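Got two chains here, separate frames each, mind docking them using the hints?
Chains as they are written, first to last, in my numbering: chain A, 1 to 157; chain B, 1 to 173.
Just so you know, the hints here were simulated from the structure itself, not pulled from any lab data.
A quick note: this is a predicted structure, and the numbers were derived from the prediction, not measured.
Selected chain A positions facing chain B (Cβ under 7 Å, derived; list incomplete): (1) Glu35; (2) Arg104; (3) Asp107.
Over 10 Å on every C-beta distance to chain B, these chain A residues come out as not near it, computed from the model: (4) Arg16; (5) Gln24; (6) Glu28; (7) Gln37; (8) Tyr59; (9) Arg88; (10) Arg91; (11) Thr99; (12) Lys155.
Listed below are the simulated EDC-like cross-link pairs for lysine to aspartate or glutamate, each with C-alpha atoms no more than 16 Å apart in a straight line: (13) B:Lys136 x A:Glu149; (14) B:Lys157 x A:Glu31; (15) B:Lys15 x A:Asp133; (16) B:Lys136 x A:Glu146.
Cβ coordinates follow ideal geometry from the N, Cα and C atoms, glycine included.
Okay, here's what each chain looks like letter by letter:
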Amino acid sequence: MNKPVDFYELPIEVERKFETLFIQGQDESFEDGMESQFSTNLLLLMNRYNEVAIEILVYLIIGERVNPVVAAEALRWVGRINDSSSHRRRRWLLERALTSPHSRVRDGAALGLAFMDDPAAIPSLRYAVEREDIDMLRQDMTQVLEQLEQTRSQKSS
Amino acid sequence: MPLVLRGIRFNRWYKNPVQDFPWLAPGELPGDSLADIAPQRCTLSVYLVEDNHSNLWRVIAALTANQTSPSHFGFALIDLQMLNSMGFKIVDQPGDTADSIVNSWHRDIVELSATRLLALAQTIQSHGATDQILEKEVHNWITRSIYSNFLDQQRIKITSERLRLKFGLPLKK
Numbered sequence: 001m002n003k004p005v006d007f008y009e010l011p012i013e014v015e016r017k018f019e020t021l022f023i024q025g026q027d028e029s030f031e032d033g034m035e036s037q038f039s040t041n042l043l044l045l046m047n048r049y050n051e052v053a054i055e056i057l058v059y060l061i062i063g064e065r066v067n068p069v070v071a072a073e074a075l076r077w078v079g080r081i082n083d084s085s086s087h088r089r090r091r092w093l094l095e096r097a098l099t100s101p102h103s104r105v106r107d108g109a110a111l112g113l114a115f116m117d118d119p120a121a122i123p124s125l126r127y128a129v130e131r132e133d134i135d136m137l138r139q140d141m142t143q144v145l146e147q148l149e150q151t152r153s154q155k156s157s
Numbered sequence: 001m002p003l004v005l006r007g008i009r010f011n012r013w014y015k016n017p018v019q020d021f022p023w024l025a026p027g028e029l030p031g032d033s034l035a036d037i038a039p040q041r042c043t044l045s046v047y048l049v050e051d052n053h054s055n056l057w058r059v060i061a062a063l064t065a066n067q068t069s070p071s072h073f074g075f076a077l078i079d080l081q082m083l084n085s086m087g088f089k090i091v092d093q094p095g096d097t098a099d100s101i102v103n104s105w106h107r108d109i110v111e112l113s114a115t116r117l118l119a120l121a122q123t124i125q126s127h128g129a130t131d132q133i134l135e136k137e138v139h140n141w142i143t144r145s146i147y148s149n150f151l152d153q154q155r156i157k158i159t160s161e162r163l164r165l166k167f168g169l170p171l172k173k
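Pulled out of the complex, with its shape left as it was, chain B reads as follows (with noise of 0.2 Å):
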């Protein structure tokens, strides 16, 4: 069964920041970091990912694509076995990525109430595995993505001119 991969601010989602926030109760998360599960319309948009990771760079490199000044990569796995047995509604949808075959690996998370996303949040934090790649990372697998033609560059959003020269990607006008 796949992995469901949601972008986060990894400083976020740090258990236990007592130095931050001392008034925090143990396990018990920061408020911010739902800001990172804010829905639209009730409905918060995820990709799948296989269990040994294998398409996780093509998933990356295709959401940081869409960046204007793509850098560092923070992000929260979780099965979507467990949310489907906890009841979340999960949808295809296609994405709106530059990469079509990442694309097709979006679905949404649907009727969404108040409580179903700190449920949901709760889940990221005691079962999901977060993590973060590092820009040098993240641009290996940008420029892995274009040589490979999985990037449509007409699609792609980056607008640092320094970003688009390092990627070969014409400067936009």
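Same shape as in the complex, but just chain A (with noise of 0.2 Å):
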């Protein structure tokens, strides 16, 4: 069980660099299969702050804080990261990420645990998938869901 997260106790420096960076990301356009300077300096500012950087993206993104096509590229980002240190906290964020009210941040959300490809989040997308109002983006979830049931049935053969 992961401790709660207590928003008063993050660090108002970093906050403000995570801050920062989403409103000049706002400035960029995004393409898929690119990177960009908002997606390079997010990944450099994961791996300098690590554990808080996730509390940080949590409150940011969840909190919904920030711009959602902003956050929505960094959930996409934040499930390619190579680390299994912050792969449990990732992939929480990810899946919380599902039930964002913005369709964009959950598409981010929903990408973000195909690159990661771990099974564990098998229960959080099908629950996604029957909420889901948008037909293309639950066609889109369900692909995701079919992908994580494929790699759990090779796991386990």
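Right under this line is the structure:
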């Protein structure tokens, strides 16, 4: 069980760095398959501040304090980070983001989970598929769900 | 008659995203969608895909091998005949990917006015098929294209070291 996040304990200067990054990200045009200034700096900050960084992302993204398009971009990259020590927390963030009121954030979360390819996210994804109102996004989440189920069956065989 | 493929960001084309844009009238497209068909000098780059999608994987492998860090790939497919009948002017123009055959499937939609561009967006929304291929599959297709020698390794633009190692490509200096 993870310790509940006490947002008042987050270092304010680190939080400001992330907030500034997200504000600057609003001026960028993101392309699939391409790094951006935002993604490069996000990965640098996450590498530097590790566990605290994830808590700040929870605060900013789940708390709906940042632009949803930039939040979605962040979630895709959160899923792509190759770091086993933060794997569970990152997956938790992505699972939480599946319940965002913003469709693009839900999409970013689903894509982040597809990158992680961790079958432990299956229940959250299944729940998200059941609740999803937008047909195209539901279809997309279903695709991710099928991928994770396939990964699970490959791992168990 | 083949289909025309245009890469898009899938989430810009959701139908009736009322939670995100409550002001959007039913059936209307969010303005953001137009960013995916922004022309260069009134010209839009597209690729031909067979009706039965038999070459879809190869086109996507070539397009994503042109990216620095290929991940998922969103696209729209539109009937070429429909575009012709609507008066869109489509010309042969070699593409710029690492796969020379895919390059021969490249076309330009030319002489696009703002009005024609909007008509194209509406055609994609009402008659096109949109889909998204997840990263895992995209990577399988790039690997398949590399091992089939469809991709000229010198022209692959992937810069991510992790991915170059995964695809068995030499690291860039």
